[in-house]
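Undergrad: The lines below spell out each chain.
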Amino acid sequence: MTSEAPGLWPPSGPEIVFLLLGLVALGSALMVVTTRQLVHAALWLVVCFGALAGGYLVLTAEFVAWVQVLIYVGAIVVLLLFGIMLTRAPIGRSADLDSGNRWAAGLVAVSTAALLVSVVVAGFGAAYTPLEPGRGSAEELGSSIFRTWVLPFEALSVLLLAALIGAIVLSRTDIKGRE
Amino acid sequence: MITVVALIVLLPFAGAVAGLLGSRWPRGGSRTEESNRVANRRAAWSAIVPASASLALTAWLAVWSAGALPRGSVSWSGGEFWSGLFPGATEGTLTLVETGSVPISFTLRADGLSVLLGMLVAVVALAVQVYSVGYMRDDPRYPSYSAFISLFTSAMSLVVFAGDLIVLYAGWEIMGLCSYLLIGHWWEDRANSRAAVKAFLVTRLGDVGFLFGIFTLGVAAGSFRIGDVLRADIPTGTLVTATMLLLAGVAGKSAQAPLHTWLPDAMAGPTPISALIHAATMVAAGIFIVARLYPLFLGAQPTLDVLGVVAAVGMLGAALAALAQNDLKRVLAYSTISQLAYMAAALAAGSDQAAIFHLLTHGAFKALLFLCAGVVIHHVGSNRMSHMGGLRTALPFTFAAMTIGFAALMGLPPAGGFFSKDAVIAAIEHSHGPAQPFLYGSALLTVGVTGAYAARAWLRTFFGPSRVEPLPEPPPGTAHVFDGREAPKSMLWPVGVLAVPALLLGFAGLPDVDWGSAAVSLLVALLGAGGVYAFWRSAPRQDPARMLGPFRVVCERAFYVDELYRSLFARPVLRLARAVARADGQLVDGAVRGSGRLTIRLSGFVRLAQNGNTQLYVTGLLAGLLLITVAAVVLA
Amino acid sequence: MHVVYPVVVSALLFSIGVYGVLARRNAILVLMSVELMLNAVNLNLVVFDVWLKDRLHSGQVLTLFVIVIAAAEVGLGLAIVLALFRNRRSIDVDRLRDLSERDAPAEDRS
Chain A
1 MTSEAPGLWP PSGPEIVFLL LGLVALGSAL MVVTTRQLVH AALWLVVCFG
51 ALAGGYLVLT AEFVAWVQVL IYVGAIVVLL LFGIMLTRAP IGRSADLDSG
101 NRWAAGLVAV STAALLVSVV VAGFGAAYTP LEPGRGSAEE LGSSIFRTWV
151 LPFEALSVLL LAALIGAIVL SRTDIKGRE
Chain B
1 MITVVALIVL LPFAGAVAGL LGSRWPRGGS RTEESNRVAN RRAAWSAIVP
51 ASASLALTAW LAVWSAGALP RGSVSWSGGE FWSGLFPGAT EGTLTLVETG
101 SVPISFTLRA DGLSVLLGML VAVVALAVQV YSVGYMRDDP RYPSYSAFIS
151 LFTSAMSLVV FAGDLIVLYA GWEIMGLCSY LLIGHWWEDR ANSRAAVKAF
201 LVTRLGDVGF LFGIFTLGVA AGSFRIGDVL RADIPTGTLV TATMLLLAGV
251 AGKSAQAPLH TWLPDAMAGP TPISALIHAA TMVAAGIFIV ARLYPLFLGA
301 QPTLDVLGVV AAVGMLGAAL AALAQNDLKR VLAYSTISQL AYMAAALAAG
351 SDQAAIFHLL THGAFKALLF LCAGVVIHHV GSNRMSHMGG LRTALPFTFA
401 AMTIGFAALM GLPPAGGFFS KDAVIAAIEH SHGPAQPFLY GSALLTVGVT
451 GAYAARAWLR TFFGPSRVEP LPEPPPGTAH VFDGREAPKS MLWPVGVLAV
501 PALLLGFAGL PDVDWGSAAV SLLVALLGAG GVYAFWRSAP RQDPARMLGP
551 FRVVCERAFY VDELYRSLFA RPVLRLARAV ARADGQLVDG AVRGSGRLTI
601 RLSGFVRLAQ NGNTQLYVTG LLAGLLLITV AAVVLA
Chain C
1 MHVVYPVVVS ALLFSIGVYG VLARRNAILV LMSVELMLNA VNLNLVVFDV
51 WLKDRLHSGQ VLTLFVIVIA AAEVGLGLAI VLALFRNRRS IDVDRLRDLS
101 ERDAPAEDRS
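Residue numbers (this note's numbering), protein chains in the order written: chain A, 1 to 179; chain B, 1 to 636; chain C, 1 to 110.
A portion of the hints provided could be inaccurate.
Stated by the list, open to error - Reference listing, derived: stretches of chain A covered by chain C, where coverage requires no fewer than 3 residues with Cβ under 8 Å from a Cβ of chain C: (1) 20-31; (2) 59-68; (3) 80-86; (4) 95-104.
Claimed, not checked - Dumping the calculated EDC-like pairs for lysine to aspartate or glutamate here, alpha-carbon to alpha-carbon at most 16 Å: (5) C/K53 / A/D174; (6) C/K53 / A/E132; (7) B/K198 / B/E563; (8) B/K198 / B/D562; (9) C/K53 / A/E140.
Hints listed in this document are in silico derivations from the structure and should not be mistaken for laboratory results. The beta-carbon is built from N, C-alpha and C at its ideal position, and this holds for glycine as well.
Input sequences plus hints: build the corresponding full structure.
TA: Given below as structure tokens:
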């Protein structure tokens, strides 16, 4: 993209920060899928989402980062924790959180990773872009959403409404299906 | 004139169609007493009227032929007595069917031989039709029965008047079909339907040879027309092959050894059928064919020798078998085989005139004998001679008629059989050939045995103490028990009418009698009859067949030919059939079922994957996706 | 900023999510793994938006939309999981075998 692209190594300052955050995200994600305690999985998920939000900040997408923190860390994880509680999951260690499928799953996951990494390295190994702060500010994104993307935005609000009604219908026990 | 010939053939056929389709029309379904009677009456009319018309037309044809000189048409065999009697000949072709090689022509021809045989067929057929009206009065299947007789009459006329070998073969096969249908008329009894199937199969065996013989002749001569075949110059080797093949058909149809076994069993059919088909006409068709194609046979001496040996064995064996039978109809059946062997012997000895002469007289007296036997069986309600006896007083008319018949059979003057049998024996005596002494000795011996069995049947039936025990309910296969003294008029008239030719037909051969050999054979016949009479006199209640001693059982079982065939052919074939069925059930079906089971078992392995675990499904899905991506990357 | 760093992180995160979806037994853990995969996608979108300097900010806007959709999805997914728990007293996905073909007689399948 740019002619004065520096080499991959040594990484610049932002890159080092991003890589560290990425490592934290990956490690906590691994903990999410391997931990033997259900509640810990949710907490590791918080760590992972937070690290990702930091990554977004490094990438100059500040509005997305705050939305990530607000919605994912604040709302979704809490929702998941509610779910864990409501299904009377054991709080302590439980031995059988993995199904018998895990070796096949591991194989598929590793090959997926190998395939994707090799593809993206081959495709974007030389891509470089200088970071310009301010491009992902709330102002920029807000004007873009409410000018260009206002119609999908409204459609999404309808989707949310439908999801709301659907969740209510599914959760309530006194609403019976048509006989 | 050819139209008349066509009408003679087609009228009984139309009668058969009308009898089959029209008898119960329009209320086909009902089987009440009343509708049966109506159907039987209609069927009787539609059977007798065409038969009478056919007889009248045949008579007209005979008168025309007797008065006419041969004009234009072919006359291939001068010199025989039928050519002298009926010199007129006519031939007509309806159409020529192209087959790609040898064409088939729908040709009818009438000459002396045809007219003579046609008269015999028409007379006996009419007599049998009239007789059947009384004999089968209460049979609910009388309509089909009489229609089949009409169909048979038509087919036999077709054989007699055919001018083309393929047309002849068509008639020949229809006769076989009618024979099968009529033997099995009382099919409720398993034995009867088995007899029908046996007759069908055995004659079919011969007919295969017959058909191939026709093909050989047709291909060799380039035409199936009888006239062309007779005129054609066929090499001797082909001729011997063809005539040998024809001989197979002749042996099957005329019940000659070794294909004779069906005829005694065919007596399971109604007695009039035995008279018409299995004594007078159909079984004579084989002899007729040989006479028809006699120039060919004269050119193939080996065939005639074989025919002579077959005839010599057949006549004596059948006569001995007849001597030991207890069933009156079986006696007559074996006697038919024996007499047909006489005709074959005459042919083998080179005299087709004697053969045809004997055929005519035999047709008359054997039909008479069978019809009389029918009256007796009708009266007694049983076929067995041990149930008969002393019927002389109860059935005087039948007694007289049957006496004429037996006299003709034994060859006693002045009955017809005396002259014709004398002609046959004289022909054999004066013939030359390797088989001649054997044939002559066998013929003379048979004359004696014939006298013996005829006398035995006559004495056992009409003399001695009365053993009649009227059965309360007739078993299937026997006629209705009749309580009157004599049979109804409709049965006696045909008997009387047939008695006249049986008695007088022989005088046509009066000028040619060889008095020397006649005296010898008469002496032998009387010797046989006298021996039986002496035995019978000593103990009238017992069967004179006991004079055969230990040999009697062998004769009664007809020398175990049936048993031999059963163990030689029937059992191996059955065993083979069972093996094939087992192979079909286990190998073929097993392969089919096994492939099904294999598929199910293999699909069981695939079913293991369908365990309902969605995670496994998604794993498979993703793995497949990966593989496809890799393949796309690698191969693209 | 080299594009390849965040993109590789995103790919690895996605693979971890795949493993979680395939290997975890608890339905809520499966939902969490789905969230991981969605976040990998979000990271991709943000990176490419930054790289391409899109004037309409389509990548980041789409990220926001995906976050919204993820919230809706988690809400519905938890509702389904709760309904499942009510009916079955268990939310182990590998014990939900109604799709399996159990003890069907081998002969009379038609």
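Undergrad: With reference to the structure, classify each hint as holding or not holding.
TA: These are the hints, each one checked on the structure:
no., hint, in the structure
1, 20-31, "holds (count 5)"
2, 59-68, "holds (count 7)"
3, 80-86, "holds (count 5)"
4, 95-104, "holds (count 8)"
5, C/K53 / A/D174, "violated (52 Å)"
6, C/K53 / A/E132, "holds (9 Å)"
7, B/K198 / B/E563, "holds (14 Å)"
8, B/K198 / B/D562, "holds (11 Å)"
9, C/K53 / A/E140, "holds (13 Å)"
The structure is inconsistent with hint 5 alone, although it conforms to all the rest.
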